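Colleague: Now for the letters of each chain:
2 protein chains.
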Amino acid sequence: MAADQLSRVFAALADPTRRDMVARLAVGDATVGELADPYDVSVQAVSKHVKVLTDAGLVSQTKDAQRRPCHLEAEVFDLMTKWIERYRQQAQERYDRLDAVLAEMRDDERPTKHRNRKQGAAS
Amino acid sequence: MAADQLSRVFAALADPTRRDMVARLAVGDATVGELADPYDVSVQAVSKHVKVLTDAGLVSQTKDAQRRPCHLEAEVFDLMTKWIERYRQQAQERYDRLDAVLAEMRDDERPTKHRNRKQGAAS
DNA sequence: GTCGTTGTCAACCATTCGGTTGAGGAGCCG
DNA sequence: CGGCTCCTCAACCGAATGGTTGACAACGAC
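Chains as they are written, first to last, in our numbering: chain A, 1 to 123; chain B, 1 to 123.
These are computed hints drawn from the structure, not numbers from a lab. Source: prediction; values computed, not measured. Wrong hints could be hidden among the right ones.
Each pair may be met inside one copy or between any two copies, as identical chains are not told apart.
As the list claims (entries may be wrong) - Derived lysine-lysine pairs resembling DSBU-like cross-links, with alpha carbons at most 35 Å apart:
1. K63 / K51
2. K63 / K82
3. K82 / K51
4. K82 / K48
5. K48 / K63
All chains, full assembly: derive it from the sequences and hints.
Modeller: Put into structure tokens, the structure is as follows:
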């Protein structure tokens, strides 16, 4: 199983239908039936999708008679954003520094092809 | 198949191993073998992971003799961030100004029964 | 109470996924 | 050339996924 929350969140959003549901829920809460409406799949399938979103912490459900209004939880988005930003920044940084590194390498060696690969082990 | 890029990106990052690889690549480029090193899985499995990341646009590979140095592509992160931010903001907004306003706006639609429900409808 | 609505659970099916092993292509080195 | 390294492709396997249908619990409406 996906185990950790981040995995569950990403997995949940990997499905276009579920992303679409999130988009809809961003506008306002909706019951399972309302969520199911735009799609030609069965209500059970939608119920499953909602469960996936709920397990991921993206959605919470309350009770309203037989209905189960779904509410979008904004906090989990921060979890993703944090992860993404972290590595995006590192990658960007590294990219920005690339010129310097390349210049140095260029200066250091002539095109003897590879001699000492691996800039991989940085820091 | 997942079809669109956003789906592929999210699906790619849904796997902890692949997220880990991204984390590693954020530090610096690495060959497939170097990527495989920390894990107890076969090189072929890692190669598959790299392919998934590549198909998602998160990673690019170049040629260096037999090696295939992997490079993290920062741009795709923006695609995700954009999507996330969009709906996070909507959800947050909606949360901030509470249901009262929307419930009022929506009070007129009320289909014959149960008027009690929240602001479920989206156009 | 009975009926209709709403949603979930369970079982099943086809496909996908992450892993394996085996084969082999590409490229350096001796 | 032959051998070694690095990596990918192909086939296979078990588990998870997304969908279906059928049953049924919960609840309001009559």
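Colleague: So, for every hint listed, does it hold in this structure?
Modeller: Status of each hint after checking the structure:
In this assembly of identical chains, K63 and K51 lie within 35 Å of each other by CA distance solely inside one copy; the values are 15 Å within and 44 Å between copies. When the C-alpha separation of K63 and K82 is checked against a cutoff of 35 Å, the pair qualifies both within a copy, at 32 Å, and between copies, at 32 Å. Proximity of K82 to K51 under the C-alpha cut-off of 35 Å is found in both arrangements, the shortest distances being 24 Å within a copy and 25 Å between copies. Taking the shortest Cα distances, K82 and K48 sit within 35 Å of each other both inside one copy (27 Å) and across copies (26 Å).
Taking the shortest Cα distances, K48 and K63 sit within 35 Å of each other inside one copy (17 Å), while across copies they are farther apart (44 Å).
When held up to the earlier numbered hints, the structure conflicts with none and fits them all.
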